[in-house]
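Asker: Going down the list, the protein sequences come from chains V and W. Residue numbering for the first sequence follows this note's numbering, beginning at 1 and increasing consecutively. Residue numbering for the second sequence follows this note's numbering, beginning at 1 and increasing consecutively.
These are calculated hints, taken from the structure and not from any lab test. Careful: at least some of the hints might be erroneous.
What the hints assert, rightly or not - Below, simulated EDC-like cross-link-like pairs (lysine to aspartate or glutamate); rule was C-alpha separation at most 20 Å, straight line: (1) K238(W) / E204(V); (2) K256(W) / E223(V); (3) K256(W) / E91(V); (4) K245(W) / E84(V); (5) K155(W) / D197(W); (6) K109(W) / D73(W); (7) K147(W) / E84(V); (8) K231(V) / D247(W).
Stated by the list, open to error - Simulated coverage check for chain W against chain V, where a stretch passes if three residues somewhere in it have a Cβ under 8 Å from a Cβ of chain V: (9) 89-96; (10) 249-261.
To be verified - Examples of chain W residues toward chain V, derived with CB under 7 Å: (11) Y26; (12) H29; (13) Q31; (14) D62; (15) A64; (16) M65; (17) I85; (18) R117; (19) L121.
Even glycine gets a Cβ: it sits at the ideal position worked out from N, Cα and C.
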Amino acid sequence: MNTLLKPSKLLIIVLATLFISACGSTPQGFVPLVKNVVQADNTKIGFVYIAPEDKATTHIYGAGCLLCYGVASALTSSLDTHLESTISVDELLVIKDAVIAGYSELNVELIEVNLTTPITKLKKFKGENGFAEKDFRVLKDKLGLDMLVVLSLDQHGAYRSFNNYVPNGDPQGYIAGTLYTVDLTTNGYIQYLSIADRVQPQGEWDEPTAFPSVTTAYYQSIENVKSLVTKSL
Amino acid sequence: MYKIILTLFVMSALSACNSTPYRDDYAQHVQLKPTHQMQLSDITIQFEEAEFVELRGLYNHDDAMLGSAIMYDGSAGLAGMLVQIGAHAAMVNSGRDNKLSAQQKQANKNIQLLLDRTGQLPLSTLVNNDSIVVAAAQSGDNTLRIKPIFFSNPKMSRLSLKLVAWLPNTDKKANLKKSPFRYQNMVHIYGLLPESDDSVLLDITADELTESYRHLFNTAIAIVKQDVTGKFKLTDAKAQSFILKQDFRNTVIRGKLAAEDCNYQIVKNLRNWFIAIPKATANASIAETNDIDDKDIAPANPTVCQS
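Same shape as in the complex, but just chain W (with noise of 0.2 Å):
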């Protein structure tokens, strides 16, 4: 039985040695309280972990394993039994990982092309006037950290950007340890979707690529900005499904619909993260999209737009 108890414990250590799958597109939503609700003007920006535009392809999230045959020993004991089923838990977790991690690396190989030619592009050259940029020397209480990961549907013919946002706790009496975030949030936001079948992001000129990150860039900082200084009235109106435009399958997301303007449905999901869902496919060409500035994202309300 120790025999079988060892292998089965070296097996599932060895097994947690492998790659591990990138987990950083997520964030938990901490609401920021009414009363710590920020003044526009005051809002300052710091990038945390990311200097360069970080690029990476859209992964498939499936990590299940296939079914397989395992006996247990029964003559272990009710501790044996359980040391074989906490290995044999270890080895498929393991297996999910490597499975996920594998996804991404594939995702990533298939939009290469892209990332060659996005290169190493500074965020601090996307970021519009209207915002303002500090070292973590001069971050204060009013400094929104952010951390943006952008992503190409593998045709490269789409963006999307998922920004995580968020201002650490500075209350001296809070358990940082249990909660670090006096707010957290994401935005994922989405670029048009060509009508073509064309590599569109490869076509266009380096100057409309860079245009292409700055507008979600800036449009996703629009979005926090507006978060955290409570423009966002949502009702308590139930959840619907809204529709997202993708490549194969159209995309739902669940939630209420807390801005309109007339690019963007902007969506609070049933995670409270915002997603910005592009009112239509794009006839013209990515970059010909407009900026958006802080103005333009209004909170929910019919909305004149011209055809």
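Looking at chain V on its own, in the form it has when it is part of the complex (with noise of 0.2 Å):
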């Protein structure tokens, strides 16, 4: 009886094994700002806030199937539709606000720039942790810059947690993204902070249609991530 596999089925066996592992790589870890850097005498630190692609919304997570997440949405739908009617994205410029505050206590003043091309288009950039996934070399010249610090929120709204059909819990206050700082001659971060706030609203949540206790969380969460931001500068 024939107990090894053959050559070529324990070369596929070997190549998805090295394919799926790949998929895991480590996410970036909180990297504290490096100051004495980021005031060093004529550096140029540019400055880009990118701001949530999407309207305020509902974030399920754990919804694990189709029809799942289908039913998730009908239980978040009303409160989605409050967040998407009162709250702008506008709401969050304080805490691009607190990010040049940051600098300006530090004594360093941000250029804001505006990218022509976005940054999930640079190409990527082959280094281990500490190092951008993108390639923001190319930007020195291009910008005239010495650093960047990027501020990218990516979600706000609410989020809620399901174990398939069923909420784990009340929909939170939400807002999601990451605060960095790119040195472009190297590409290294001076900077790296993942934001991902959640604001438990306080007593009863489901109150349509202004939900004032999620509304409430929302606004908590902002505040609690212009602290964060602050306290990271």
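Fit the two chains together into the complex; they arrive one by one in their own frames, and the hints show the way.
Answerer: This is the structure in structure tokens:
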């Protein structure tokens, strides 16, 4: 009886294992701001703010099947309508202002820039942890800058965790994104801060159409992120 | 399949037998009709389900459960599937109740020293002379029913009070099941936050502690009286974020400024509750704050305060 695998099968298994394991790359951890680097004389630092592309809504996690997601969406639909119609991305500008004010406290003046090419369209950079995934070095000469601070707020509104069809908790006020500073010469991070703030509403949450508790939790989340950003600088 | 459904049903029934968390620090706002507004001099007060100061620890409201893998039996058909989902939901809800209840119990344990110190302090001894307290037998149309619940932070350095106030609906034509109240609202008032990390409420004298309760209680009653007499005039301005200083993290109160004096900003929040935010952190002892009477809480106008 042939108990050994054929070389072709073995090769396929090895390749598949390598392919799957490559999907689980280590996420970038927290990098505290190296203040003396950003405060160095004659350093030009740019600042890009990327607002969320989507309107404020309820972000659903844990609804593990298509039907579960449909049920979860139905359960949060009136909250979505409220968030979309009453909360504008402009509410998040206080976080952007907190970044500018934080650098100003360090006697660093940020130069606001508009990128003609979105960051997602930049080429990949093959570096280890501690280096940006995209190659920012091309921006050095293009923008005439030494470093670039990026505040990217990706999701805002509410967060609700599900266990398939069943909610695990109330919808929480929610803001997610990243704040990072890249050295445009080395492509290394001078700072990296992941933002994922969730605030539990106080008391009853399901009070359509104004949802006062979840709305207040959202504004509490803005305050928390503002405070987090300020403390990180 | 029936065995599975029966098991799930029994599990969900049993899980419902566990402890129930407090949910009485909440009130759905019912606006008093302008034609029903009261005269300040006519108002009397009745304590409802409360005779002594009830003190609780500030608790974490987060009752979210961690996700756990669950498999539904696919052979049970649509009805069976719905039963399984119902049983699963009952178990999750029960778990959330247990978590919240445990957090509330732990919060009370954290302030046990202050609970012991407060003892049984009668509410009637805290009320200022300008409020008339009546027993249930003497209550009438102008009797405000109130239920105060005091809270302390874990450090036992700051008190706050949630005061639920209501007027029963006495309209004979009204559907009392649907509209039991003519008026209902809540006032949440905070004491000053001391700058030091000490357990100030344990360090002050018994009289000063009583004074701290009295100050919050009478200010909250004054705010309710202002509300039912139609003194708060709010503009159509957009809601703003007001910041309440806390031990670890500032709290956002979202709403409109209803009134302001030298000691407090009174904000009508998105639920229409009145939140009284102290204007400064305390340099001095909590008991040094002055009593507030009805006159002290003015409608929102620029106020000149002496530093």
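Asker: Taking the hints in turn, state whether each one holds.
Answerer: Right, here's what the structure says about each hint:
1. K238(W) / E204(V): Measuring from Cα to Cα gives roughly 23 Å; hence the hint is violated.
2. K256(W) / E223(V): 17 Å, holds
3. K256(W) / E91(V): 17 Å, holds
4. K245(W) / E84(V): Since the Cα atoms of K245(W) and E84(V) sit roughly 30 Å apart, the hinted pair is violated (cutoff 20 Å).
5. K155(W) / D197(W): Holds, at about 8 Å.
6. K109(W) / D73(W): 43 Å, violated
7. K147(W) / E84(V): 37 Å, violated
8. K231(V) / D247(W): 16 Å, holds
9. 89-96: holds (count 3)
10. 249-261: holds (count 6)
11. Y26: 5 Å, holds
12. H29: 10 Å, violated
13. Q31: 14 Å, violated
14. D62: With a minimum Cβ separation of about 4 Å from chain V (threshold 7 Å), the hint on D62(W) holds.
15. A64: Status holds, d = 3 Å.
16. M65: 5 Å, holds
17. I85: 5 Å, holds
18. R117: 27 Å, violated
19. L121: Violated - the Cβ of L121(W) stays beyond 7 Å from chain V, reaching only about 26 Å at its closest.
Violated hints, in rising order: 1, 4, 6, 7, 12, 13, 18, 19; the structure is consistent with all others.
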